[in-house]
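**Q** Order-wise, the sequence lines are chains A and B.
For the first sequence, position 34 (counting from the first letter as 1) is numbered 34 according to UniProt numbering, and the numbering increases by one without interruption.
For the second sequence, position 538 (counting from the first letter as 1) is numbered 538 according to UniProt numbering, and the numbering increases by one without interruption.
One thing to keep in mind: the hints can contain errors.
Unchecked claim - Chain B regions said to be covered by chain A (calculated; three or more residues, Cβ under 8 Å):
id: 1; segment: 705-718
id: 2; segment: 728-737
id: 3; segment: 982-994
id: 4; segment: 1083-1093
Stated by the list, open to error - A few chain B residues facing chain A, derived, Cβ under 7 Å:
id: 5; residue: F77
id: 6; residue: W382
id: 7; residue: F906
id: 8; residue: Q912
id: 9; residue: Q1000
id: 10; residue: P1058
id: 11; residue: F1059
id: 12; residue: Y1062
id: 13; residue: L1073
id: 14; residue: G1076
id: 15; residue: W1079
No lab work stands behind these hints, which were simulated from the structure alone.
C-beta: ideal position from N, C-alpha, C; glycine also.
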Amino acid sequence: MMASSYNAKEEDGHHSGASSGTGVSKNKKPDNTAFKQQRLPAWQPILTAGSVLPAFFVIGLIFIPIGIGLYVTSNNIKEFEIDYTGVSSDSPCYNCAKNFTWNTTEPCVCTVNFTLHQPFESNVFMYYGLSNFYQNHRRYVKSRDDRQLNGDLSALTDPSKECEPYRKSGDVSIAPCGAIANSLFNDTLVLYYVDSNNSISEIPLVKKGIAWWTDKHVKFRNPAGNSNLTLAFKDTAKPVNWAKPVYELDPSDPENNGFINEDFIVWMRTAALPTFRKLYRIIQKKSGATPTLPNGNYMLNITYNYPVLSFDGRKRMILSTISWMGGKNPFLGIAYITVGSICFFLGVVLLIIHHKYDNRNTSADIPS
Amino acid sequence: MGMDFSTLRTLISRYCVGEENWVDSRTIYIGHKEPPPGTEAFIQQRFPDNRIVSSKYTFWNFIPKNMFEQFRRVANFYFLIIFLVQLIIDTPTSPVTSGLPLFFVITVTAIKQGYEDWLRHKADNAVNQCPVHVVHHGKVVRKQSRKLRVGDVVLVKEDEAFPCDLILLSSSRDDGTCFVTTASLDGESSHKTYYAVQETKAYNAEKEVDTIHATIECEQPQPDLYKFVGRINIYMTTEPVARPLGSENLLLRGATLKNTEYIYAVAIYTGMETKMALNYQSKSQKRSAVEKSMNAYLVVYLCILISKALINTALKYVWQSDPNKDEPFYNQKTEAERQRHVLIRAFTDFLAFMVLFNYIIPVSMYVTVEMQKFLGSYFIMWDDEMFDEELGERAVVNTSDLNEELGQVEYVFTDKTGTLTENNMEFIECCVDGHVYVPHAICNGQVMPGAAGMDMIDSSPGPAAREHEELFFRALCLCHTVQVKEEDTVDGIKHGIHQGKSTSFYISSSPDEVALVEGMKRLGFTYLRLKDGRMEILNREDEVEKFDLLEVLTFDSVRRRMSVIVRASTGEVYLFCKGADSSIFPRVISGKVDQVRARVEQNAVEGLRTLCVAYRSLNPEQYEEVFQQLNRAKLALQDRDKQLAEAYDLIEKDLILLGATAVEDRLQEKAADTIESLHKAGIKVWVLTGDKMETAAATCYASKLFHRNTQILELTTKRTEEQSLHDVLFELSRTVLRQHGGMTRDTFSELSGDCTDYGLIIDGATLSAVMRPGQEGSNSGNYKEKFLEICRNCSAVLCCRMAPLQKAQIVKLIKASEEHPITLAIGDGANDVSMILEAHVGIGIMGKEGRQAVRNSDYAIPKFKHLKKMLLVHGHYYYIRISELVQYFFYKNVCFIFPQFLYQFFCGFSQQPLYDTAYLTLYNISFTSLPILLYSLMEQHINMDILKKDPCLYRDIAKNSLLRWPTFIYWTILGVYDAIVMFFGAYFLFDNTTFTSNGQMFGNWTFGTLVFTVLVFTVTFKLALDTHYWTWINHFIIWGSLIFFVVFSLLWGGIIWPFLNYQRMYYVFMQMLSSGPAWLSIILLITASLLPDVVKKVIWRTLWPTTTERIQQGRNNKRYEIALAYMSSDSLLME
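Extracted from the complex, chain A is given alone in its bound form:
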């Protein structure tokens, strides 16, 4: 008997039940369950012209209005963009761009004038934009230490290897380490309104709320244990390209210093594409009926610290209003209209096909 069970097992690993002998024949009858007999009750849909037709019309009828809505919304958004790189000799920042050196103490300032032809209502968002800047380069993306940025003390003094070659300055470790932090965008943009009688008034720029709330409050944290940031960062060096250490990034607001500086956090979220923009400031809506930015002349004062010409990059300043769907982007609306129309069109085509062929097929060719 042992040998027989042994033998059965050997024959086939799959079914030890197929044992030998004569007594088991009754057990061999398979269970008559719906699952084992592959007869579970089932819904058996088939994609035919007839059944798909309504879906196509419905999709068309839903998508086209959505698309129109999105398109209109996008068109209602006001956006103003100005390139201040200073490539051509007639641009105000030409000199700053051309004479750029790393170790200058005297910042180069240039002023760009522009005119808004339409008033910008509600909150206006001020972005800086960079082109041909590969923030998504692999070497760049990984060149950071999230532990350090999260306030981990051991990582503060011994940053991750990924930060190379921006890991240590001499023997002192850099905080924040890595290429991303090192290349923090450091142009300062100030916006002035020039009213009709040529008096210049600075427009208040809010720097709170430009970074994700979760980044500011959870992901980025200053080194723990010391409320005095200077002391907290005392064993570290500033990144090579920076003029000031990390705890002095925002002299005006002590809560906005160290790793939780919002400009820094915004920069640290690497962009998906080589042409990108990042939120710089928010211009809050004024009370009353006056537009946030009335039409008229403006003056953009730039402290030109950030070189982009070496890699053929461009710098822009963008002012934009925002709707529920974000900034100006006609793509989504157009895409919706297109897909909706295609669906509708296909619906019509299928309707024709359905009438011409389907009836013939089903009535004639089916053997009863």
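Given chain A, work out where chain B should sit, using these hints.
**A** Leaving out everything else, chain B in the frame of chain A:
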């Protein structure tokens, strides 16, 4: 020191053993008693102990050995290489992404194999430790089975299994026989008789058996269960006696002793050398057509992968030629990187791209395919319709690798006897010298006195004929190997001798013999028993006649006859011979050959199985000569079979023909229906049989293989005798081509049956002439071609008079023909094993001729009719399922990887991955794996009743139609299109703007997550669109895995994971979902991705519907109509 010496000695002896393995016979001392001095000095051999080791691994070598075996598989090796590359060089994705899936796969496989091996260890131990009784110094001692050694004398009691291969010495029965069932060995449950050597059979007590002084010489173990040659030398008081030993003396391990109180036997083969253990060796692996296409696709994707990596590497260096792009101020390289040689850098970049794109060849596909096959095969075993009440058997799956091949069969090669027919024989008539005797159809088992029991068709014979008649009946009563079983519980062939009162049955491995002996009983001659070497028969006058059974010249399929030599009580010695007409007639010297031949041929045409009976009477000198010849052959140690055959050939000559018998073998239930269905399904059915042409042809007509309007082409010895083979072949091919040449080979016109059907009949001799190689150089190849051409144009082919090996040859010939069709062989007997092994799919029928076919088959079914469901339903389903599985797997990985490829153009070819590591890792493992696995287990595109009812649907999937290159390219293009839609959709959405209502910007990880979300939903929905059979399980798994993805993403981004070096996914998914346009674009992109496939499907279905689709639609319409009818009737009632 002493220890050292002893180890040295064992070492030396072990080397010696190695040498001794070459000795091709072995000598065994029974009871370990040295032979008396003066006899030939035998070399003392060492034999293994009786330990059975079926386990592959030990505790220590499990990990290295198992790893080695797993990494021998190409796919695993590929992933190992990728993993190692990731470990060594700085690659875009962490080694975890490929290491984890690989680790998972390897671990699961290792656990499975380890578990199986543990079970084997357990079974080994159970077997090895079970007690056996050994005679030791005249006493019976209990021993563990594994300690049993060659030469031990073993006591086995009734119903015990033999612990090793034994030579029977004596039994509790006086005649030295014992009964054995080999049910667990080869499935034959009939009791076989084994014999002890005459000289030892008296020693049947423990004290006595210990006094046996003998040695056994026998061949070294070989796996053939039914062959054994050996010799026993018994040292009696005077001089040694040598006796031959054959398989009738050998008790095999695994068999069980029955109906015998106890036996004494000596162990000759132990442990791994037993015949059972030698038969463990697994069969050669068969690979399915799907697997082959899968491998072809793999190669394509490997090429795509390499070219992608090459393109990107090249473009990278073009792009980087500007140093400001290569190394802008914000993104400096480390010193080490700068120093590296440009070629090394380029090579590592290439490898890094390979790693980045390696997911295009998915690890999980292999796991999924294997799981699908393994789990899917259960549906075959569970199938209620393939359960046979009568036999109490259900379908058996011996290998699950070929499930889908069942849906691809183009040629079915079937055996006749036992496969198409019941193998349930009924004696119809006999003919003695041209006089025909027919027993009454129903005799109620009563012995009819005198001639009243039969109808004589011819005029009553004269006295000489009367004598012949009696001799004929006696011949049939004596010339057989039927046993009389006097108990009730036998599963074999049961036929009551005295139904109602007694409990005796005739048992034989050949149902023909039982039918003949039964028939004789109805004609008045009853075989009673074999006792003490005497056969007893009850004649018409109710007198017992006794015959000494002198020799049995057993049946074999080459001679196709068997003989017995008996001595009547009067002292005359007769040789009775019965066999196929072709093997009897040439040996007949007198008798009414012509009358008998005419009758035989007439019977054969009616589909009856005929046997001829002849005799030869031997005078004492002749008998002495015969006896010598036989003994010489039997005693031979080498080539015994050959020598025996020669001896038989010499003995079975100068016969006098007595007559012929006819036995009917009824067609199996629904055999004709099954063959018709297979024909309609476009499968060509060939019958390969060893039977005569006329009999076989009759069966073919009965089973609808040939129709009345089938034009039969004959390619037989009879014709080739008249014309040369060459001429016949060319003439036939001309006939066939005239019909088919004109029109295009449209499958439907073939189906319609308007044109003439051709059926070909070929016999074994002609076939071997056709196949004969090297005849006039190139001409023979030509014959094969011509033959194939004829066959291809015939709807049915019958090959008769086939030797087992020829069956395999035919299968091989068709397999190798230019179209490489998929073949299936089905049979029930040992003679079908060769073709079952040769064909792509081998199916065994659980018939009456033992279990050898079943054991060697890939699948086994109880009856021929089950083949219909097996192919038309299960095969069809499995093919549909696995082809979708394969195509879908490649598709979803194209969708997965192509966006990464596109992203390289926007990130400076820096190998930046688009997706997070977790997504890269889990995409194939968990987000998209279960739905397709479930689909590949549950999908039913058409109801199974319709599949069975309409065999034409099988043609829709013929020739691997769902895995051909156009389909593959369509899926790949679809994948690329979807990838482009997803990537550029996200690209334009991200294009230099924000899509949040608070003006904040998203980064590259949000970009990737958006693409990934669309990806997971798209590929899952694509599968949902392809699913035609939605059970609650499908709903659960499909929606469940989408929900799992969302929940996982929320969780993955919801926490700062302390064990991670990066927190790049922190809140990315939630932030994305908080944006309206992200939702809108996800919906849009999913719609846009799925649109073309839906449109293509609908348009194709409407304009160029396949039969399958037409039927699907018809079913739907019908259901709709029924629903309408219901509603209207309801409304009528309402009114």
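**Q** The structure should be examined with respect to each hint, and the outcome stated for every one.
**A** We went through each hint and held it up to the structure:
Beta-carbon proximity to chain A at under 8 Å applies to 0 residues in the segment 705-718 of chain B; the threshold of 3 is not reached and the given coverage is violated. Restraint check on the segment 728-737 of chain B versus chain A: 0 residues with Cβ-Cβ distances below 8 Å, three needed, restraint violated. Only when three residues or more bring their CB closer than 8 Å to a CB of chain A does the claim for the segment 982-994 of chain B stand; here the count is 9, and the claim holds. Chain A is given as covering the segment 1083-1093 of chain B, and this holds because 4 residues of the stretch bring a CB closer than 8 Å to a CB of that chain, at least three being needed.
Nearest Cβ of chain A to the Cβ of B/F77: about 24 Å, over the 7 Å cut. The hint is violated. Checking B/W382 against chain A by beta carbon gives a least distance of about 4 Å; that is within 7 Å, so the hint holds. At about 6 Å, the closest approach between the beta carbon of B/F906 and any beta carbon in chain A falls short of 7 Å, and the interface hint on this residue holds. About 4 Å separates the beta-carbon of B/Q912 from the nearest beta-carbon of chain A, less than 7 Å, and the hint is met.
Checking B/Q1000 against chain A: minimum C-beta separation of about 6 Å stays under 7 Å; hint holds. Interface hint status for B/P1058: violated, as the beta-carbon distance to the closest one in chain A is roughly 9 Å, over 7 Å. Nearest Cβ of chain A to the Cβ of B/F1059: about 11 Å, over the 7 Å cut. The hint is violated. Given hint, B/Y1062 at the interface with chain A, holds; its Cβ is 5 Å from that chain's nearest Cβ, closer than 7 Å.
With a cut of 7 Å, the hint placing B/L1073 at the interface with chain A is violated, because the nearest CB-to-CB distance is about 13 Å. Taking 7 Å as the C-beta contact cut-off toward chain A, the hint placing B/G1076 at the interface holds, the least distance being around 6 Å. The beta carbon of B/W1079 is not positioned within 7 Å of any beta carbon in chain A (closest approach about 10 Å), and the interface hint is therefore violated.
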